[in-house]
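J.: Given next are the chains, with one letter for each unit.
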Amino acid sequence: MPSVAQASPFQSSLALRDRAFAGAIWLAAAVVAGAFLWLVVDILAHGATKLDWSFVTSDPRSSGRSGGIAPIIVSTVLIVVVAVVVAAPMGLATAVLLSEFTRQGGVFGHTVGLSLDVLAGVPSIVFGLFGNAFFSVWLGLGFSILSGGLTLACMILPLLIRTAESGLRTVPNDWRLGASALGLSRATALRVILIPAAAPALVAGIVLGVGRAMAETAALVFTSGYVDRMPSSLFDSGRSISIHIYDLTMNVAGGDANAYASALVLITLLILINGVAIALTDRVLYRKITLT
Amino acid sequence: MTTSDKPPEGGVEASCVPFTLTPLVAGPPCCVPETHIGIENLSLSYGGRPAFRAIDLTISRGCITALIGPSGCGKTSLLSALNRLTDLIPACKVEGRVTLDGEDIRGPGVDVQGLRRKVGMIFQRPNPFPLSIRRNLEMPLREHGIVHRADVDGRIQQSLADVGLWDEVKDRLDSAALSLSGGQQQRLCIARALALEPSVLLMDEPCSALDPLSSGTVEDLIQSLRGRYTVVIVTHNLAQARRISNYAAFFWVKDRAGTLVEFDQCKRIFGNPRHDLTAAYLNGTRG
Amino acid sequence: MASGLLALILIFLIRESWPLLSRIGPAAFFSGGGWHPTEGAYDLTPMLAASAGVSALAIVVAAPFGVASAIFCRFYAPPALARFYRWIIILLAGLPSVVLGLWGLTVLVPVILTIAPPGASLLAGGLVLSLMIVPTVALTTEAALSAVPASYWSGAAALGLSREATIIHVALPATRASIFAGIMLATARALGETMAVLMVSGNVVQLPTSLFDPVRTLTANIALEMAYATGDHRASLFISGLTLTLLVLGLAALARRSGGQVVHA
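Residue numbers (this note's numbering), protein chains in the order written: chain A, 1 to 292; chain B, 1 to 287; chain C, 1 to 265.
Please note that the accuracy of each hint is not assured.
Unchecked claim - Here are a few chain C residues that face chain A, going by a calculated C-beta distance under 7 Å:
| no. | residue |
| --- | --- |
| 1 | Phe-12 |
| 2 | Trp-35 |
| 3 | Ser-69 |
| 4 | Tyr-76 |
| 5 | Val-107 |
| 6 | His-169 |
| 7 | Ala-223 |
| 8 | Val-248 |
Keep in mind the hints are simulated off the structure, nothing from the lab.
Ideal Cβ placement from N, Cα and C applies to all residues, glycine included.
Produce the entire structure from the sequences given, and follow the hints as far as they go.
T.: Following this line, the structure appears as structure tokens:
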């Protein structure tokens with residue numbers, strides 16, 4: 001057997017390089033994990049003290065320094081609901097169009113694909129500018145939950161289309177062929193077979209979109225406004241949690257404590273939402289494996 | 001190629017006349033059975049499912065040993081056990097002993113990287129790295145401590161010449177290895193292994209992914225390695241096994257795990273197999 | 001539908017920008033006269049420089065850490081740790097920028113203050129941004145590494161190459177283009193980021209001369225002034241938005257062009 005040969009000097013330097021490289025990788029990972037944990041611990045520490053049930057259910061007082069965030073949570077929910085209700089059907093329709101009715105590599109598919117990529121890259125503040133110009137000014141909706149929701153709908157549309165499309169694509173082609181062989185019309189096949197099969201992926205996409213919408217700030221700053229009262233209609237201005245955090249941090253002296261608490265609420269909601277999305281996509285993947 | 005349907009006269013020695021493309025560098029006559037690799041009661045399983053059980057085999061130095069048998073007998077797994085590539089598979093469990101030159105390859109303090117330098121492996125699908133031809137050959141050399149420009153260039157030239165690629169690529173050593181044809185890529189992979197000056201070459205169906213012409217070239221190359229290297233080759237091509245090997249080991253599936261049925265010199269196995277199963281497989285009536 | 005939306009967005013952006021743009025021409029936005037919109041000076045240069053500076057710092061920090069994270073997850077971490085670490089990266093990716101801004105302002109800025117006032121600075125902006133875009137680099141790199149065919153790993157192992165040699169000499173060259181594309185995407189994301197940067201960078205419109213200078217990025221500028229801008233001022237903000245979009249899309253296009261498939265036989 002190759003007895004462990006005497007390492008030549010070069011080989012020792014190679015071994016050194018190997019150890020140094022491995023060490024650097026571990027160190028880098030530790031730094032990233034450390035920064036994240038620093039952040040999380042900080043938020044937990046500052047936020048948990050003020051966080052209790054009354055925080056979530058009462059109104060803000062003295063510009064938010066004290067009191068709770070109940071109306072803000074309501075506004076946030078309304079904005080997100082508007083966004084999803086508007087974006088989901090459009091997203092699904094476009095995805096169906098792309099995956100079922102478009103030729104691969106055709107001009108139409110290519111243009112839409114390109115537009116989606118471009119849309120996904122547009123900075124959120126530019127969406128805010130657009131939302132302001134189009135929804136608030138041109139359509140006359142002013143600073144309102146509707147404005148904000150519609151702007152967010154535009155933002156999450158690419159995400160929804162992409163996840164819906166990939167969900168539809170994972171449906172085995174055999175099922176489509178089987179449906180045709182049975183004489184089912186395209187529309188029926190879609191309704192009865194394909195969409196239910198892709199449903200977990202579609203829902204996961206919606207859930208991801210919800211998460212994205214909730215975390216969004218820049219697009220809402222001048223579309224849904226700043227008002228922190230309980231909204232009475234979709235046309236009222238309303239403040240989302242993220243804007244509330246921003247306002248408390250930057251514009252309200254002594255607002256830090258409540259800002260932290262709000263941040264904790266937001267993060268918790270996001271973790272829950274993302275957890276649901278992951279659970280759903282895992283279920284999709286699992287089904288894919290058992291099918292093949 | 002020395003193909004013949006009748007067992008050649010002159011006994012065992014005559015069938016082992018080596019056919020080489022390049023001059024034979026000094027090495028033992030191929031048919032003096034000197035154990036190079038010893039496989040003792042070797043079993044392997046993946047996550048509890050056995051691939052093969054209780055294999056006892058000796059690989060003789062300088063000879064070409066063919067592992068034949070239908071798919072699923074664990075022949076490739078056996079090959080992977082010989083250079084401890086099985087270490088990379090988390091669920092894989094190996095029991096028994098493999099010795100190289102008498103030393104247990106899984107003993108304590110064994111340098112696995114050194115082992116894999118001594119025991120090279122060629123895969124079914126050619127897998128040159130996405131680098132230039134020169135880098136493909138040079139990089140492993142450097143990683144094993146061969147640094148001097150002259151040494152490196154010398155080995156590159158020698159190994160490319162050994163596989164018959166030197167004249168074809170000497171003017172474009174810095175072009176991408178992936179731009180070569182399939183057969184050339186496989187020969188490059190063999191050159192890459194040869195450059196490290198191994199004593200054993202493990203080959204897992206090296207010609208099966210190649211077109212017939214390249215396949216023939218690679219087969220000629222393998223024959224030329226006889227005597228200088230110990231070759232263990234897994235092949236489904238019985239005609240090929242018959243043409244090139246000195247020894248053949250016939251595997252079959254028993255109790256849902258691979259098992260060794262018969263192992264002998266190729267002349268005896270192909271001409272006069274002891275087991276009915278072997279005869280049936282070689283005749284094509286089974287497997 | 002999607003292209004319609006894109007077209008709509010472009011139309012409205014241009015519509016709002018056009019009055020001012022047509023009157024004073026694009027060159028006025030790089031004139032060097034400083035940003036005094038109420039007096040008719042619309043020089044974007046200090047803010048472009050700030051955006052570029054903050055993003056450059058962010059990617060210079062995030063790229064190595066992101067690639068290292070992916071390599072860590074794929075090659076070095078035991079399975080349980082790798083799962084945990086990937087979870088951390090995904091959470092980091094999902095953190096709202098205001099939360100990062102909050103942390104940056106209350107924790108990071110005071111630390112920088114101890115080195116040099118005022119604390120809220122290019123450095124702070126760059127560091128917070130880098131934390132935001134590390135997941136982008138890490139996840140794209142990991143995807144690229146997973147796409148490397150298994151035959152490379154077996155081939156390298158069979159040649160007796162060490163793990164580090166395989167990573168450095170085989171995996172990284174094979175995925176170079178994809179990693180680069182991921183880095184371009186991350187930079188584009190950094191350029192488009194608003195809230196976190198706004199909260200920690202100091203918001204002084206000036207050309208930065210050191211890491212510790214407070215600056216205002218293009219995005220922060222829009223967010224801050226849009227609330228009260230009217231007429232020409234408002235148009236100038238739309239123009240800066242348009243400029244930003246073009247810049248970001250240019251980078252994304254670069255990413256797409258170079259982000260080739262992993263090279264394999």
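J.: Determine for every hint whether it applies to the structure shown.
T.: Each hint, compared with the structure:
no.	hint	result
1	Phe-12	5 Å, holds
2	Trp-35	17 Å, violated
3	Ser-69	6 Å, holds
4	Tyr-76	6 Å, holds
5	Val-107	6 Å, holds
6	His-169	11 Å, violated
7	Ala-223	6 Å, holds
8	Val-248	6 Å, holds
Hints 2 and 6, counting from the list given before, are not met by this structure.
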